[in-house]
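Those sequence lines, one after another, are chains A and B. For what it's worth, our numbering labels the leading residue of the first sequence as 2, then goes sequentially. For what it's worth, our numbering labels the leading residue of the second sequence as 2, then goes sequentially.
These aren't lab readings, by the way, just hints derived from the structure by calculation. Careful: at least some of the hints might be erroneous.
As the list claims (entries may be wrong) - Here are the simulated DSS-like pairs of lysine-lysine, each with C-alpha atoms no more than 27 Å apart in a straight line: (1) B:Lys555 x B:Lys486; (2) B:Lys64 x A:Lys496; (3) A:Lys127 x B:Lys514; (4) B:Lys496 x A:Lys127; (5) A:Lys476 x B:Lys53; (6) A:Lys127 x B:Lys13; (7) A:Lys486 x A:Lys427; (8) B:Lys127 x A:Lys127; (9) A:Lys120 x A:Lys98; (10) A:Lys98 x B:Lys98; (11) B:Lys53 x A:Lys53; (12) B:Lys476 x A:Lys53; (13) A:Lys64 x B:Lys53; (14) B:Lys427 x B:Lys127; (15) B:Lys13 x A:Lys427; (16) A:Lys35 x B:Lys420; (17) B:Lys13 x A:Lys514; (18) A:Lys514 x B:Lys64; (19) A:Lys120 x B:Lys13; (20) B:Lys35 x A:Lys427; (21) A:Lys64 x B:Lys514; (22) B:Lys555 x B:Lys496.
Said to hold, decoys possible - Which stretches of chain B does chain A cover? Using the computed rule of at least three CB atoms under 8 Å from a CB of chain A, they are: (23) 4 to 11; (24) 35 to 46; (25) 66 to 76; (26) 137 to 145.
All C-beta atoms, glycine included, are put in the ideal place defined by N, C-alpha and C.
Letter by letter, the chains look like this.
There are 2 protein chains.
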Amino acid sequence: MRSSQYLLSTLKETPADAEVISHQLMMRAGMIRKLASGLYTWLPSGLRVLNKVAQIVREEMDKAGAIEVLMPVVQPGDLWEESGRWDEYGPELLRIKDRHQRDFVLGPTHEEVITDLVKREISSYKQLPINLYQVQTKFRDEVRPRFGVMRGREFTMKDAYSFHMDQACLENTYQKMYDAYSAIFSRMGLDFRAVIADTGSIGGSASHEFHVLADSGEDDIAFSNGSDYAANVEMAEAIAPAPSEAAGGKAQKVATPNTTSIDAVSTLLNVDASHVVKTLLVQGEADENGAPTLVALCLRGDHQLNDIKAEKLSGVFAPLTMATDEQIATLSNTVAGYAGPVGLNINIIVDRAAAALSDFICGANEAGFHLTDANWADVAKFEIADIRNVVAGDPSPCGKGTLEIKRGIEVGHIFQLGKKYSEAMKCGVLSESGKHEILTMGCYGIGVSRIVAAAIEQNHDQHGIIWPDAIAPFKVALIPMNMHKSHRVMEAAEKIYADLTARGIEVLFDDRKERPGVMFADMELIGVPHTIVIGERNLDNQQVEYKHRRSGDKQMLDVDAVADFIAGL
Amino acid sequence: MRSSQYLLSTLKETPADAEVISHQLMMRAGMIRKLASGLYTWLPSGLRVLNKVAQIVREEMDKAGAIEVLMPVVQPGDLWEESGRWDEYGPELLRIKDRHQRDFVLGPTHEEVITDLVKREISSYKQLPINLYQVQTKFRDEVRPRFGVMRGREFTMKDAYSFHMDQACLENTYQKMYDAYSAIFSRMGLDFRAVIADTGSIGGSASHEFHVLADSGEDDIAFSNGSDYAANVEMAEAIAPAPSEAAGGKAQKVATPNTTSIDAVSTLLNVDASHVVKTLLVQGEADENGAPTLVALCLRGDHQLNDIKAEKLSGVFAPLTMATDEQIATLSNTVAGYAGPVGLNINIIVDRAAAALSDFICGANEAGFHLTDANWADVAKFEIADIRNVVAGDPSPCGKGTLEIKRGIEVGHIFQLGKKYSEAMKCGVLSESGKHEILTMGCYGIGVSRIVAAAIEQNHDQHGIIWPDAIAPFKVALIPMNMHKSHRVMEAAEKIYADLTARGIEVLFDDRKERPGVMFADMELIGVPHTIVIGERNLDNQQVEYKHRRSGDKQMLDVDAVADFIAGL
Numbered sequence: 002m003r004s005s006q007y008l009l010s011t012l013k014e015t016p017a018d019a020e021v022i023s024h025q026l027m028m029r030a031g032m033i034r035k036l037a038s039g040l041y042t043w044l045p046s047g048l049r050v051l052n053k054v055a056q057i058v059r060e061e062m063d064k065a066g067a068i069e070v071l072m073p074v075v076q077p078g079d080l081w082e083e084s085g086r087w088d089e090y091g092p093e094l095l096r097i098k099d100r101h102q103r104d105f106v107l108g109p110t111h112e113e114v115i116t117d118l119v120k121r122e123i124s125s126y127k128q129l130p131i132n133l134y135q136v137q138t139k140f141r142d143e144v145r146p147r148f149g150v151m152r153g154r155e156f157t158m159k160d161a162y163s164f165h166m167d168q169a170c171l172e173n174t175y176q177k178m179y180d181a182y183s184a185i186f187s188r189m190g191l192d193f194r195a196v197i198a199d200t201g202s203i204g205g206s207a208s209h210e211f212h213v214l215a216d217s218g219e220d221d222i223a224f225s226n227g228s229d230y231a232a233n234v235e236m237a238e239a240i241a242p243a244p245s246e247a248a249g250g251k252a253q254k255v256a257t258p259n260t261t262s263i264d265a266v267s268t269l270l271n272v273d274a275s276h277v278v279k280t281l282l283v284q285g286e287a288d289e290n291g292a293p294t295l296v297a298l299c300l301r302g303d304h305q306l307n308d309i310k311a312e313k314l315s316g317v318f319a320p321l322t323m324a325t326d327e328q329i330a331t332l333s334n335t336v337a338g339y340a341g342p343v344g345l346n347i348n349i350i351v352d353r354a355a356a357a358l359s360d361f362i363c364g365a366n367e368a369g370f371h372l373t374d375a376n377w378a379d380v381a382k383f384e385i386a387d388i389r390n391v392v393a394g395d396p397s398p399c400g401k402g403t404l405e406i407k408r409g410i411e412v413g414h415i416f417q418l419g420k421k422y423s424e425a426m427k428c429g430v431l432s433e434s435g436k437h438e439i440l441t442m443g444c445y446g447i448g449v450s451r452i453v454a455a456a457i458e459q460n461h462d463q464h465g466i467i468w469p470d471a472i473a474p475f476k477v478a479l480i481p482m483n484m485h486k487s488h489r490v491m492e493a494a495e496k497i498y499a500d501l502t503a504r505g506i507e508v509l510f511d512d513r514k515e516r517p518g519v520m521f522a523d524m525e526l527i528g529v530p531h532t533i534v535i536g537e538r539n540l541d542n543q544q545v546e547y548k549h550r551r552s553g554d555k556q557m558l559d560v561d562a563v564a565d566f567i568a569g570l
Numbered sequence: 002m003r004s005s006q007y008l009l010s011t012l013k014e015t016p017a018d019a020e021v022i023s024h025q026l027m028m029r030a031g032m033i034r035k036l037a038s039g040l041y042t043w044l045p046s047g048l049r050v051l052n053k054v055a056q057i058v059r060e061e062m063d064k065a066g067a068i069e070v071l072m073p074v075v076q077p078g079d080l081w082e083e084s085g086r087w088d089e090y091g092p093e094l095l096r097i098k099d100r101h102q103r104d105f106v107l108g109p110t111h112e113e114v115i116t117d118l119v120k121r122e123i124s125s126y127k128q129l130p131i132n133l134y135q136v137q138t139k140f141r142d143e144v145r146p147r148f149g150v151m152r153g154r155e156f157t158m159k160d161a162y163s164f165h166m167d168q169a170c171l172e173n174t175y176q177k178m179y180d181a182y183s184a185i186f187s188r189m190g191l192d193f194r195a196v197i198a199d200t201g202s203i204g205g206s207a208s209h210e211f212h213v214l215a216d217s218g219e220d221d222i223a224f225s226n227g228s229d230y231a232a233n234v235e236m237a238e239a240i241a242p243a244p245s246e247a248a249g250g251k252a253q254k255v256a257t258p259n260t261t262s263i264d265a266v267s268t269l270l271n272v273d274a275s276h277v278v279k280t281l282l283v284q285g286e287a288d289e290n291g292a293p294t295l296v297a298l299c300l301r302g303d304h305q306l307n308d309i310k311a312e313k314l315s316g317v318f319a320p321l322t323m324a325t326d327e328q329i330a331t332l333s334n335t336v337a338g339y340a341g342p343v344g345l346n347i348n349i350i351v352d353r354a355a356a357a358l359s360d361f362i363c364g365a366n367e368a369g370f371h372l373t374d375a376n377w378a379d380v381a382k383f384e385i386a387d388i389r390n391v392v393a394g395d396p397s398p399c400g401k402g403t404l405e406i407k408r409g410i411e412v413g414h415i416f417q418l419g420k421k422y423s424e425a426m427k428c429g430v431l432s433e434s435g436k437h438e439i440l441t442m443g444c445y446g447i448g449v450s451r452i453v454a455a456a457i458e459q460n461h462d463q464h465g466i467i468w469p470d471a472i473a474p475f476k477v478a479l480i481p482m483n484m485h486k487s488h489r490v491m492e493a494a495e496k497i498y499a500d501l502t503a504r505g506i507e508v509l510f511d512d513r514k515e516r517p518g519v520m521f522a523d524m525e526l527i528g529v530p531h532t533i534v535i536g537e538r539n540l541d542n543q544q545v546e547y548k549h550r551r552s553g554d555k556q557m558l559d560v561d562a563v564a565d566f567i568a569g570l
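Sequences are here, hints too, so could you generate the full structure?
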């Protein structure tokens, strides 16, 4: 492609509304343009990347036995009534009426359509399992679209749905999808983790998110440095540490006026926060008489409560809700800011790490006082559970290595969906024994357009994007210096361009009448992985300069050797 | 692809609501399924065809220098306000409101979005011309969607838009698109014609439609048997015939009571309809005083008036409107059913063919009477113009050959759009002389999903679809007879399947436990161009049977020679 006949559309200035680096670079590199809030036009180089991402996804899905279909963007509302999501789904579901005043939606996802299709097309267990996917435009009417295509309203998804007679078969396909996703992100050259994810309210039995690691990610990912274990921090199990040395002390009450935070206590008493027990009071489930209750959650002062783990415990009200001062006053014998497990008259749940402490400090259940040298033997009754977020350095729950924590951008999600949709929509087949049985489903999504942004978040420097070869808009940038003044430079550039394109290599030939500095800056901004610079001086030796975008390494190449060199990379 | 692991979904019965053959066959062959009125899911084999069509379109567009982009399906209403189409467009434009009650549309076309984009991205004449295209989902809320994907509501279009400083540059790109379209439909193996089309109310200066010829087409196409001239019948010029032999007769009034139709006149007077002049009375433009007028249009009795030609004539009111009895009574000296040019006191326009007649029959402008042996010399004043539809056998207006007329399905349209959008939306650039100049535009559409249906309308027989190789879902169907009972058949089938797929040939390997008859019928219905049948008996000679879907020709092939043979087709 000659840039003089292309739409480069690079920008020098960063658009004011672009908050994250991928959005800034996609705008500056001429990959996208905003049409309206959350709606973007893909310009030529952006679309080249998007298409490459989609192509890799398709190839690996096909290889894994999934079959491509294409379902409409516009879906009839009655299917959403049937599944129950017409009422469940919030305003992100854009509901529309056609000219006959019939209800439709712009599909944010296609469970209803595919379940309805399979119900009609598949009648026998012999036709199963089946895994159908599409690459399609989706719409989600985000209240505040932002970050460019990272959280747009219209976006491109790959969504797949598998159908099975039983859980074992689902698990088999689930594993294939896990492997296919790993292959997809590996081929794209992205540093990613498959993390154990919360199955949420749908209550499927297993779920993994695929995250591209990047400092700007919205999610915290905990992963082992000794295995491929990875989980959302919210989901990672915190292993019980070895107990501290045997308890020796005897609890002492000390005056701690106006000292209601962990920080304040550890400063006043000159101990590390890890030696203080933090007691959080939350609402419990009603007791057998229907009366409200409170529950105390005890953690080490340096640890954070994990809401998701806590609210799953029996006796704890979900969603997790902190106790009010009034509830504390009427339902317990303690006071806000000075709660502690010793002598407390409500149910107590102690985190595994806190339970390993001895001779610790905790609130004395009396305003202005804490206990020192407290021990769990002083507490009449308590349970131990994992209720905290893991932290870097924790042992990995898989038993190998310790945990590191990095930020990630979710680009894929696989999910054992179970029968939520198939039951609601009566999607079943005749089993081997001749009975009509409801199918078990899996669903598998990849944010195709989101990957483009996530790849940039992970791969950029101060000059611009650094594309992995597999998804680069062009493999090579050809920069002839002052070509319009030097016949020799033009001749060499044309020869190299012809050599490369003859091999099917995608080249961006910058034949604009621009200063070399402008061309270098544009090619670096766009992130072309390999650059060939053609200049008068080097041509004296029949040579050109090669530069690798990521490493910055340079080397000289003979003009005739360029195509071989690039093809061999 | 093994059919046991595929979604064939063939049907024995023709769905009741499928009126045209392509719709019937697409349903029966398992290519599409209806989701709602005008909304279709593409099943795997349908999507394979759709993707091949799109790929050929992309390749030829790229080759012609067009650059691919991707614009959103959902477009902001304010752009449509800017172009004026928010009010102009009928209810086919689906207008929607987002959660913030802002106006959007589901794009039936993208002139507004692309014009807005080019206005922002292109600032100098040096960046022109540019031709941007996309393959995208469109939505048109048809009042009565029908014929499956031939006239659906959601469909796939390739739309391209070019921008130019002047008409000469536009014409150059227009010709490139004409050639690219011809290459596209040729590569697809379709019998098509590029026909001169009406530029309609937009008033662009040139337009061609590309039609796939098929008996079921909605449009009549006139084309020369001696050149590549083709035009919509509405647009084809009717050449003046040689005048009849010199006029000899003298007009005679004859009684023709209750004889107001051409049929009745020619029967009563025993002459061919081609010798009768038919006089149609239509509304004229108001005269200089603003008073209403009528115009008489005279044609040969066997010819049909062409509204589009007639309403373009000066003096004729557009849109063409027949005169009412009351208007005839008050604005002319004739009577309905007996109008004729001789002695008529309104403007008279005579078709070229009618003008060549002599000694003809026409109305006498008096109830119950016609004239025989009338001649144009008897008419005080008249104009001659081309106002009729051409008929088969007319000389071609290109000067070579005579016209044939066939029916066509419009699958593409190229259009010299001019400045309609660029002026309304102020899309211009700095010219070489430093002035801001409004751009001239072309637009070029292809109905990607429609092509699939049109190809079937042209290529089918009583057994099903007959795909041209280039867009077939699979090139080869492999039919092993009773494979599940014969190890030898299975072995040969697996070997041939491996040989073919190793060469990158797309094979549908029918490994279902079905009777051979069912497999033959399905493969013919689906329309796979080439079939290899593997049976016990032929394997005695290490042979299999090849069958060509279109010709029905069969031949025996050595098992080892199959891959070479197929690859060489």
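Outcome of the hint check:
no., hint, result
1, B:Lys555 x B:Lys486, "holds (25 Å)"
2, B:Lys64 x A:Lys496, "holds (20 Å)"
3, A:Lys127 x B:Lys514, "holds (11 Å)"
4, B:Lys496 x A:Lys127, "holds (25 Å)"
5, A:Lys476 x B:Lys53, "holds (25 Å)"
6, A:Lys127 x B:Lys13, "holds (19 Å)"
7, A:Lys486 x A:Lys427, "violated (73 Å)"
8, B:Lys127 x A:Lys127, "violated (63 Å)"
9, A:Lys120 x A:Lys98, "holds (26 Å)"
10, A:Lys98 x B:Lys98, "holds (10 Å)"
11, B:Lys53 x A:Lys53, "holds (17 Å)"
12, B:Lys476 x A:Lys53, "holds (25 Å)"
13, A:Lys64 x B:Lys53, "holds (19 Å)"
14, B:Lys427 x B:Lys127, "holds (19 Å)"
15, B:Lys13 x A:Lys427, "holds (25 Å)"
16, A:Lys35 x B:Lys420, "holds (24 Å)"
17, B:Lys13 x A:Lys514, "violated (64 Å)"
18, A:Lys514 x B:Lys64, "holds (24 Å)"
19, A:Lys120 x B:Lys13, "holds (18 Å)"
20, B:Lys35 x A:Lys427, "holds (19 Å)"
21, A:Lys64 x B:Lys514, "holds (24 Å)"
22, B:Lys555 x B:Lys496, "holds (21 Å)"
23, 4 to 11, "holds (count 4)"
24, 35 to 46, "holds (count 8)"
25, 66 to 76, "holds (count 10)"
26, 137 to 145, "holds (count 4)"
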